[in-house]
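Let the hints inform the model, and build the full structure from the sequences given.
The primary structure of each chain is shown beneath.
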Amino acid sequence: MSDPSPDSSAKRAPILEVRDLVTTFDTDNGTLTAVDGVSFQLHKGRTLGIVGESGCGKSVTAFSIMRLLPQPMGHIAGGEVLLDGVDLTKLPPEEMLKVRGDRMGMIFQEPMTALNPVHTIGRQLSEVYLLHRTKDKREALRMSVDILDKVGIPSPEVRVGEYPHQLSGGMRQRVVIAMALACKPSVVIADEPTTALDVTIQAQILELMQSLQKEMGMAIMLITHDLGVIAEMCDDVVVMYAGRVAEAGPVEKIFASPSHPYTQGLLASIPRLEDERKALLETIEGMVPSLSDMPVGCRFQNRCPFRTEVCAKHPPVDQVGPGHTVACHRWREIPSYVNKYSGNSSPEASTKEDPAQS
Amino acid sequence: MSTPSDQSPAPLLEVKDLQMHFPVREGILLRAKKSCRAVDGVNLTVAPGETLGLVGESGCGKSTLGKTIVRLYKPTGGQIIFQGDDLAHEHGSSLKAHRRELQMIFQDPVESLNSRHTVGDIIAEPFVIHKMGDDAWRKKRVRELLDKVGLPANAAERFPFEFSGGQRQRIGIARAIALEPKLIVCDEPVSALDVSIQSQVLNLMLELQRDMNLSYLFIAHNLAVVKHVSDRIAIMYLGRLVETADAETIYRAPKHPYTRALISAIPEPDPTKKKQRIVLQGDVPSPINPPSGCPFHPRCPHATDRCKAEVPLLRDVGETGQQIACHYDL
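Taken in order, these protein sequences are the chains called A and B.
13 is the number of the first residue of the first sequence in the numbering used here; add one for each residue after it.
-5 is the number of the first residue of the second sequence in the numbering used here; add one for each residue after it.
Since the hints were made in silico from the structure, they are not lab data.
There's no promise every hint is true.
Taking lysine-lysine pairs in the DSBU-like style, the calculated list, with each CA pair at most 30 Å apart, reads [unchecked claim]:
{"hint": "1", "chain 1": "B", "residue 1": "Lys61", "chain 2": "A", "residue 2": "Lys290"}
{"hint": "2", "chain 1": "B", "residue 1": "Lys10", "chain 2": "B", "residue 2": "Lys27"}
{"hint": "3", "chain 1": "B", "residue 1": "Lys27", "chain 2": "B", "residue 2": "Lys68"}
{"hint": "4", "chain 1": "B", "residue 1": "Lys68", "chain 2": "B", "residue 2": "Lys90"}
{"hint": "5", "chain 1": "B", "residue 1": "Lys68", "chain 2": "B", "residue 2": "Lys142"}
{"hint": "6", "chain 1": "B", "residue 1": "Lys267", "chain 2": "A", "residue 2": "Lys162"}
{"hint": "7", "chain 1": "B", "residue 1": "Lys269", "chain 2": "A", "residue 2": "Lys56"}
{"hint": "8", "chain 1": "A", "residue 1": "Lys102", "chain 2": "A", "residue 2": "Lys196"}
{"hint": "9", "chain 1": "B", "residue 1": "Lys267", "chain 2": "A", "residue 2": "Lys226"}
{"hint": "10", "chain 1": "B", "residue 1": "Lys90", "chain 2": "B", "residue 2": "Lys142"}
{"hint": "11", "chain 1": "A", "residue 1": "Lys56", "chain 2": "B", "residue 2": "Lys267"}
{"hint": "12", "chain 1": "B", "residue 1": "Lys269", "chain 2": "A", "residue 2": "Lys226"}
{"hint": "13", "chain 1": "A", "residue 1": "Lys102", "chain 2": "A", "residue 2": "Lys56"}
{"hint": "14", "chain 1": "B", "residue 1": "Lys267", "chain 2": "A", "residue 2": "Lys290"}
{"hint": "15", "chain 1": "B", "residue 1": "Lys61", "chain 2": "B", "residue 2": "Lys249"}
{"hint": "16", "chain 1": "B", "residue 1": "Lys10", "chain 2": "B", "residue 2": "Lys68"}
{"hint": "17", "chain 1": "B", "residue 1": "Lys142", "chain 2": "A", "residue 2": "Lys290"}
{"hint": "18", "chain 1": "B", "residue 1": "Lys133", "chain 2": "B", "residue 2": "Lys90"}
{"hint": "19", "chain 1": "A", "residue 1": "Lys290", "chain 2": "B", "residue 2": "Lys269"}
{"hint": "20", "chain 1": "A", "residue 1": "Lys162", "chain 2": "A", "residue 2": "Lys110"}
{"hint": "21", "chain 1": "B", "residue 1": "Lys28", "chain 2": "B", "residue 2": "Lys61"}
{"hint": "22", "chain 1": "A", "residue 1": "Lys102", "chain 2": "A", "residue 2": "Lys147"}
{"hint": "23", "chain 1": "A", "residue 1": "Lys196", "chain 2": "A", "residue 2": "Lys162"}
{"hint": "24", "chain 1": "A", "residue 1": "Lys196", "chain 2": "A", "residue 2": "Lys149"}
{"hint": "25", "chain 1": "B", "residue 1": "Lys90", "chain 2": "B", "residue 2": "Lys61"}
{"hint": "26", "chain 1": "A", "residue 1": "Lys162", "chain 2": "B", "residue 2": "Lys269"}
{"hint": "27", "chain 1": "A", "residue 1": "Lys226", "chain 2": "A", "residue 2": "Lys110"}
{"hint": "28", "chain 1": "B", "residue 1": "Lys249", "chain 2": "B", "residue 2": "Lys302"}
{"hint": "29", "chain 1": "A", "residue 1": "Lys290", "chain 2": "B", "residue 2": "Lys68"}
{"hint": "30", "chain 1": "B", "residue 1": "Lys10", "chain 2": "B", "residue 2": "Lys249"}
{"hint": "31", "chain 1": "B", "residue 1": "Lys134", "chain 2": "B", "residue 2": "Lys90"}
{"hint": "32", "chain 1": "B", "residue 1": "Lys90", "chain 2": "B", "residue 2": "Lys125"}
{"hint": "33", "chain 1": "A", "residue 1": "Lys290", "chain 2": "B", "residue 2": "Lys27"}
{"hint": "34", "chain 1": "B", "residue 1": "Lys269", "chain 2": "B", "residue 2": "Lys249"}
{"hint": "35", "chain 1": "A", "residue 1": "Lys102", "chain 2": "A", "residue 2": "Lys162"}
{"hint": "36", "chain 1": "A", "residue 1": "Lys110", "chain 2": "A", "residue 2": "Lys149"}
Quick look at which bits of chain B chain A covers, simulated, 3 or more residues with Cβ under 8 Å [stated by the list, open to error]:
{"hint": "37", "region": "190 to 196"}
{"hint": "38", "region": "213 to 223"}
Glycine included, every Cβ here is placed at the ideal spot set by N, Cα and C.
Here it is, written out as structure tokens:
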């Protein structure tokens, strides 16, 4: 638990490794593949962002890792989820109970639905401790008060006796975070933790997560559709599109020199504060194909401005730079992304493969 | 507020001291003992062809303000002067006549479209309500409108559930522009959409504004989106406006402590930028029990005793038309 050199973490074994995860759902229209061959690694004390639009499989990935897929429709159809080298997909359900909440915690999007409205905060928090840490109810409650204090809830000894509806949205999300962190897990999966919150409350929650990570050293997997949150919170990013990883790499690289046309389009289409007002925004034409109707080969092809015949084949995962991979046939040929925003970004980012300069 | 319009034409919409208080019923007899002051004395103007952005956190009353302006609610007090007429106390047919020029786009494109009507019926409904044209003319207009918002003509025979979120919002826009209104109140029109679809819809709205000389009251919580489409921006907090200025000034030189905190709290999609974040403590208070004095004082880092006692009114600062509701020049 005590590691003197957190910076060398990238070279050490990851805490959590997902290899070629395939998750399917049985529906009336046949079997749909929501996650199709997703791989990534999570390291101690670092934050990995998973970004993508609705339906890209980012939440399903999280639920697959936690083995919380809706039953009986959802299945992990292939791949491995290795937590400290142990494949979670092979664990019997009773063993998984010991992992969940103890070594892995999860923060859910909607704090109102993640909490049980008919139980007090204290009872819900104590449950975690009674499952994993102690048999003594009074001690569990005392531990609950401690963790509530830690996540910045004022007068926690009063709050443990209250019900979720008595708290504001931000406070409820703090309780959900307290639950996820109750047993000091080594991995925390946060599924859109601030999407339901206001900007000023979001700032509080993000700051809390950062300071708790600094203190407890857990690895965070942060799922969001907000590229701003990714930029502020994450060390590494996985960009997902239609159930697959489009691009992955260190956050600075992904934002400064994205190689996948989808990542480029995504970054170009967000309105930014320093943009010229009322100018037309860049768009990605069309929309995400439905899961039952995916194109063969590259899944982005029907929206991609650089599509050729080669895109009908499954794109290989190429190495762009250290830790930076892209799943595109043509990433070397397409024009490099012009980042008109970061004037102070690192020089290497802007000189990447610019034929005009060489 | 009563500055003579020196260069700008007469405003299309002028809202004066608008109040919308909802009764809060309690006890067995459900007597209204308290009221929720959702909108509590708002003044604003929208010029022809202008977009006024309205930004605030949930519960600040921005949606209520929008709905009150199109008179989905009857205001408790104040005036809504639209093209010279006060809508606040009108009803029936005289209000209906104004509604032709005053339309609304809703946040949730799923709930705001009747799922049992075809898209053609939905878009033609304004013509039916206002008894305009015959069937053939209405069909032709629907086709034109669908084309204008970038949907295929055969969409008219289909139902809302057959469309994606972005397309449904286009249907909502087609319905709103059907009567060629002057002003459209847009209540979080792109909040429910994904980033790549959001930019498509925003572009459509910008193009329509140019083509039809529309005015928008653009309500949203995402300041980057609002700044992109707006000429001027008003920041709302707990039923009141705390700052108004042109869009560029709000972002570059915000004067109200709440605006400053709000802007600093927006996560920017640029990892190289490490900015000084002002993290506000606490939550937005309830509009049922608003704090005394300045509504922002319990969270304000600069609050003094005066802020607890005295309600600050909007006042001019600088020459650019910037106004803040704060006692101090911070």
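Here is how each hint holds up against the structure:
| no. | hint | in the structure |
| --- | --- | --- |
| 1 | Lys61(B) with Lys290(A) | 25 Å, holds |
| 2 | Lys10(B) with Lys27(B) | 27 Å, holds |
| 3 | Lys27(B) with Lys68(B) | 20 Å, holds |
| 4 | Lys68(B) with Lys90(B) | 14 Å, holds |
| 5 | Lys68(B) with Lys142(B) | 33 Å, violated |
| 6 | Lys267(B) with Lys162(A) | 29 Å, holds |
| 7 | Lys269(B) with Lys56(A) | 26 Å, holds |
| 8 | Lys102(A) with Lys196(A) | 24 Å, holds |
| 9 | Lys267(B) with Lys226(A) | 20 Å, holds |
| 10 | Lys90(B) with Lys142(B) | 25 Å, holds |
| 11 | Lys56(A) with Lys267(B) | 24 Å, holds |
| 12 | Lys269(B) with Lys226(A) | 19 Å, holds |
| 13 | Lys102(A) with Lys56(A) | 23 Å, holds |
| 14 | Lys267(B) with Lys290(A) | 24 Å, holds |
| 15 | Lys61(B) with Lys249(B) | 28 Å, holds |
| 16 | Lys10(B) with Lys68(B) | 14 Å, holds |
| 17 | Lys142(B) with Lys290(A) | 19 Å, holds |
| 18 | Lys133(B) with Lys90(B) | 23 Å, holds |
| 19 | Lys290(A) with Lys269(B) | 25 Å, holds |
| 20 | Lys162(A) with Lys110(A) | 24 Å, holds |
| 21 | Lys28(B) with Lys61(B) | 22 Å, holds |
| 22 | Lys102(A) with Lys147(A) | 29 Å, holds |
| 23 | Lys196(A) with Lys162(A) | 12 Å, holds |
| 24 | Lys196(A) with Lys149(A) | 19 Å, holds |
| 25 | Lys90(B) with Lys61(B) | 15 Å, holds |
| 26 | Lys162(A) with Lys269(B) | 25 Å, holds |
| 27 | Lys226(A) with Lys110(A) | 25 Å, holds |
| 28 | Lys249(B) with Lys302(B) | 19 Å, holds |
| 29 | Lys290(A) with Lys68(B) | 33 Å, violated |
| 30 | Lys10(B) with Lys249(B) | 23 Å, holds |
| 31 | Lys134(B) with Lys90(B) | 24 Å, holds |
| 32 | Lys90(B) with Lys125(B) | 12 Å, holds |
| 33 | Lys290(A) with Lys27(B) | 46 Å, violated |
| 34 | Lys269(B) with Lys249(B) | 18 Å, holds |
| 35 | Lys102(A) with Lys162(A) | 35 Å, violated |
| 36 | Lys110(A) with Lys149(A) | 19 Å, holds |
| 37 | 190 to 196 | holds (count 6) |
| 38 | 213 to 223 | holds (count 7) |
Checked against the numbered hints given earlier, this structure breaks hints 5, 29, 33, 35; the rest are met.
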